[in-house]
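Number of protein chains: 2
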Amino acid sequence: MALVEKETMHISLSKAWGILREKCRQLPAEAVPVQNSLGRTLAEDVIAGRNVPHYNASAMDGYSLLSALTAGATPSSPVSFAAGEYEWVNTGGEISARFDSVVMIEDTSLDRKTGTLSVVSSLVAGENVRPLGEDVFLGQVIAREGDRVTPALCSLLATAGVKNLRTLALPKTLYIPTGDEIIPLEEWLELETPPPGRVGESNSLLVKGYFRNWAFPVDIAPCIPDDPNILKSFLEENRKKYDLILIGAGSAKGERDHTFSVLEDLGHPLFRWLLMKPGRPASAADLGGCFAVNLPGFPMSNAVILWSVVFPILQLLHFGDFDEETVLPLAIGAAGTEEVTLLSSYSSTYGKEEWVRFKCVEIGGGKKAYALPSGASALWSLSETDGLSLLPLETAERTKGTTVNLWLLRDIRWKERILFQGSNDPAFERIATFAKKKGGEVIFRSVGSLGGLAALSRGECHAAACHLLDTETGDYNTSYIERMFGPQADALLARRIVFFRQQGIMVRKGNPRGIRSVSDLRREDVVIVNRQPGAGTRVLLDFLFRGENIDPGNVRGYENCSTTHFDAGNKVLRGFADAAAGIKSVADALGLDFLPLAEEPYELVYFKSMEDHPGIAALLESLNDEGWRSLVDRMGGYRWTE
Amino acid sequence: MALVEKETMHISLSKAWGILREKCRQLPAEAVPVQNSLGRTLAEDVIAGRNVPHYNASAMDGYSLLSALTAGATPSSPVSFAAGEYEWVNTGGEISARFDSVVMIEDTSLDRKTGTLSVVSSLVAGENVRPLGEDVFLGQVIAREGDRVTPALCSLLATAGVKNLRTLALPKTLYIPTGDEIIPLEEWLELETPPPGRVGESNSLLVKGYFRNWAFPVDIAPCIPDDPNILKSFLEENRKKYDLILIGAGSAKGERDHTFSVLEDLGHPLFRWLLMKPGRPASAADLGGCFAVNLPGFPMSNAVILWSVVFPILQLLHFGDFDEETVLPLAIGAAGTEEVTLLSSYSSTYGKEEWVRFKCVEIGGGKKAYALPSGASALWSLSETDGLSLLPLETAERTKGTTVNLWLLRDIRWKERILFQGSNDPAFERIATFAKKKGGEVIFRSVGSLGGLAALSRGECHAAACHLLDTETGDYNTSYIERMFGPQADALLARRIVFFRQQGIMVRKGNPRGIRSVSDLRREDVVIVNRQPGAGTRVLLDFLFRGENIDPGNVRGYENCSTTHFDAGNKVLRGFADAAAGIKSVADALGLDFLPLAEEPYELVYFKSMEDHPGIAALLESLNDEGWRSLVDRMGGYRWTE
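In order, the protein sequence lines correspond to chains W and Z. According to my numbering, the first sequence is numbered sequentially starting from 1. According to my numbering, the second sequence is numbered sequentially starting from 1.
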């Protein structure tokens, strides 16, 4: 059918919005029962067809009577009412036409034998009466077109007898996961060890989650295989039932990527490929009364297209329009905006808008941020993100110290948060949960022992930790710190040994390569994975190599670096390497065998001037927390200083 | 059983919170399937039990191969790979152990006959590979205790194979409406004319609405009658199944108000009666593992106790604590706070905290507000509220111009909003919906023609409207305006006749009292309802009385005032009066008969300097809107000026 034209391929998001604006029209308003109207938007003014209350009602429990007869009544000179001259009325009860006011029970006494009521206060006409129409009168505008139905309005409309409301229609959306490699979620969650090359169907949770946050309904179809005929007939069947169909994956440029061809076949393509990263392989089509969007399969790309294409379409179908300034922050659920300066430079791809995920912290009175991993498939960094930015097409490099505007995804407690940069230790990182309960928040960035001290010296973190062996003296850390901070180091810095930890060599269970000592690491049949330059563990390994006269150039895998103990241990576990230097707790956690080499102090370093920072205070207090300490003890390979 | 002690009766909200804090403990954490975890709060750190990806995966569709063999490949000197030296791999597919990189399809050409692949770019090891554990590695802390499950985290946890999560328990709540006068909602909505003394069960919509906004579940029980035994056995049956039971009504001090006695009977009362307005007749009790709260029956009181008692209890059961500073704005869903100055003084009840509902507007650069009707049963004003304030116990009178801090319930477009004060006209008020579409928002306050001009002269509104007959000259408005604004009136003010409207006498259908002229209004058997002093309609009536030499003192009902045409017409319709002066459109809308007396100009007045205000501009533009004009024409009794 219609071939997509050049000007609708590889286009900017703003151009895609222009196309959508032209094609997607507001759905006709729909009637909903008042009971189900919460959160809906009214499509017309609502005029009261009834008075509320619809009779003269008592505002309290008491006796209705004629106010004129109470004139002059006081506690010392009560006025008596014979039976028949008053009537008991409950709160909300109807007041007889012959009475005009209600006396509260506390201002009366009733002689039960004679039925005489003594009244000790004088009333005016209408006292304690809720007259007919007091809340809403017949003919009144109760609510206007465009108003959202709040709990109060919903209850008010029901009270006023409004049975159905004309509201803006909620678009009906279907999400279809596709792919031969996809395992249905329920099955996936039961798998002990999932087969390689297969993945769980988890994008539907992203879709459901955002739709729920947006208060739009969405149905999830079962996953369909990579077969254009099946996809085509499934779309043909469903395009009559839905206003919007989202197709997951099959969107790149490979053997199985037939989604777009099917859309071309069935309807009129609107655009294909966006100048956006991630999110490039997105497309949209008009299937005739139903719109289709192809969402890329990687989760971050999937999320990005949900925000920047799907949400704007929903706005068009529901409201008839959207505001280009606010549609993206609304879509991502931004809690606000913030201008931050970059803690590290960031290279962006020129010619593409780029979504960047940032972690934030306030240091030295300034709000700072650094980018988290940027991959299309990096879901963890989306989950960790404090703030998002969509860098413009023409951005190439953002250098350290330049400003970026973020949409904040959470409420950041700036004053309580600290950034830790330094040596990676999985036991130490568990302290964050305990510090949080003491009013602090600790963000960890593993940059190695030397990297941490350097960041601290540049004022780019609140605390660092290191375990750097001085191979001349056999001492730890002191000489490195003095070199970095100069002669005032002692005056400026506080140092505290967190614990001693076992360093050694991690090998697979049963030690299949028979590695017994450091010298075995130079063997031809042994491949190691190393840690990054500046890591204390690498410093230790280099020292041990020198002791054995081993030339690192002769060690296989010496140049392969991991930045954490877990990552290194993991590579050994999965057979990508035979050995790695690392700590005992990680070997234990991964079920690896461990050859101890040394015990080293893991030392926390921070500026003394920072001691009153709620984050530092909470961190220091947590070092003695029994809960954290027993968790560390259970991990193994740690010894306390006292 | 245990009698409630003195210090738990008639107490402040803050004291009630102290009692609740002591008694309501956090519920034990509960496991939920990851698919249902969206929005839940984690009760423990989540550690990855798996790598994500769990194999070396391709980041794109392409050919996997050994990067070393691509050295030097360029478009002009491609490198050839024989069949078997490469392998096709889909995005996300597994890369064989013998390969270390993936070349993108665009950088290759395949000879399908020989199976030879030409590669035109050189790769490095790991290129286009998502290594094992790239996103999340086995042993990594994925999320921490206290984190909320976002769409991204939910999807990430599923991807990492986390099947169940320990999360903070959601309290199970049951709401029980009570009262013999209550009609079930479904039945109520079917009633053409509801019987006096009966009301629809609509508070459950308030309860459901707030619980939904708070993301806590709630079940609604069928309404039970005013019978302590039924209530008691119903509570006994349900207190084992719920953490919190809310009982609607039966809370005042009357014949049917047995709820508290039942609570005393079944458990240990926590408090009764709050020093709060509305919301006083609230109580709470500990039923042994289940808490009960008695919500007053009037909707505003019901809402107030939901916010200030129920929501804090939910926070205690869920989070184990709440913050006294933020719990109320959280409960009401405040969009922010704002300091405003009062446009009218407000009298508060000394010795009670008082919830006041405000309507806001920006005039003369300052943010202002006036109180809406304050009754416990006034649901319309809750629905209309822009901002809420809880005035402290010791507040007596807040005079005009004093400041009040509001919790804003909506996002106010301050720059586009105008306040209209003046003569009431139901057709004119319908213009707001049309002005909104033109970028303005008009708030109406009916204060009568004279009241509007006075407010305008004091800078307390943006626009006014009047229809004031000068009984000396027969002219309308001019002499009143000159008296109010002095000789510069013409220079300062813009005037525009909106339309001419029919004034007359509204009587019941068929005119049962046989009223033929103004002079009939002085008859012994005729009772009128009047409009408030300063209303143009009253000025007209007084003028007509003078013409007929009628002494208002001899007109029955002359002192009974309504502030709107609809209210006055309504009183006639329901038989509380026999006649009222008013406009034809209202008589038509209410199905009343109408005796025409005069046609009058309804004139809009505003400062010329305000013409550029987006609200004034939208209002003026809307005066010519075809949609509004045809709506006015359908209402009847109006004539356009041109």
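Note that these hints are calculated values from the structure, not bench results. Honestly, I wouldn't trust all of these hints.
Because identical chains cannot be distinguished in the list, a pair is counted as satisfied if it fits within a single copy or across any two copies.
[Stated by the list, open to error] No farther apart than 20 Å at their CA atoms in a straight line, the calculated lysine to aspartate or glutamate pairs in the EDC-like style are these:
id : residue 1 : residue 2
1  : K15       : D219
2  : K277      : E642
3  : K438      : E145
4  : K163      : E559
5  : K438      : E338
6  : K172      : D227
7  : K15       : D323
8  : K438      : D321
9  : K437      : E325
10 : K438      : E44
These numbers come from a predicted model, not from an experiment.
A quick look at each hint next to the structure:
Within a single copy, K15 and D219 get their C-alpha atoms no closer than 29 Å, and across copies no closer than 47 Å, so neither meets the 20 Å cut-off. Proximity of K277 and E642 under a CA criterion of 20 Å is satisfied in neither setting, with 52 Å inside one chain copy and 59 Å between copies. Taking the shortest Cα distances, K438 and E145 sit within 20 Å of each other only across copies (13 Å), while inside one copy they are farther apart (48 Å). Taking identical chains as interchangeable, the C-alpha atoms of K163 and E559 are never at most 20 Å apart, the minima being 73 Å within one chain and 37 Å between chains.
In this homomeric assembly, K438 and E338 never come within 20 Å of each other (Cα to Cα): the closest approach is 26 Å inside a single copy and 31 Å across copies. Taking identical chains as interchangeable, the C-alpha atoms of K172 and D227 are never at most 20 Å apart, the minima being 25 Å within one chain and 46 Å between chains. Taking the shortest alpha-carbon separations for K15 and D323, only the intra-copy value of 14 Å comes in at or below 20 Å, while the best inter-copy value is 46 Å. In this assembly of identical chains, K438 and D321 lie within 20 Å of each other by CA distance solely across copies; the values are 14 Å between and 46 Å within a copy.
For the identical chains of this complex, K437 and E325 are inter-copy neighbours only, at 19 Å across copies versus 38 Å inside a copy, given an alpha-carbon limit of 20 Å. When the C-alpha separation of K438 and E44 is checked against a cutoff of 20 Å, the pair qualifies only between copies, where the shortest distance is 16 Å, while the shortest distance within a copy is 51 Å.
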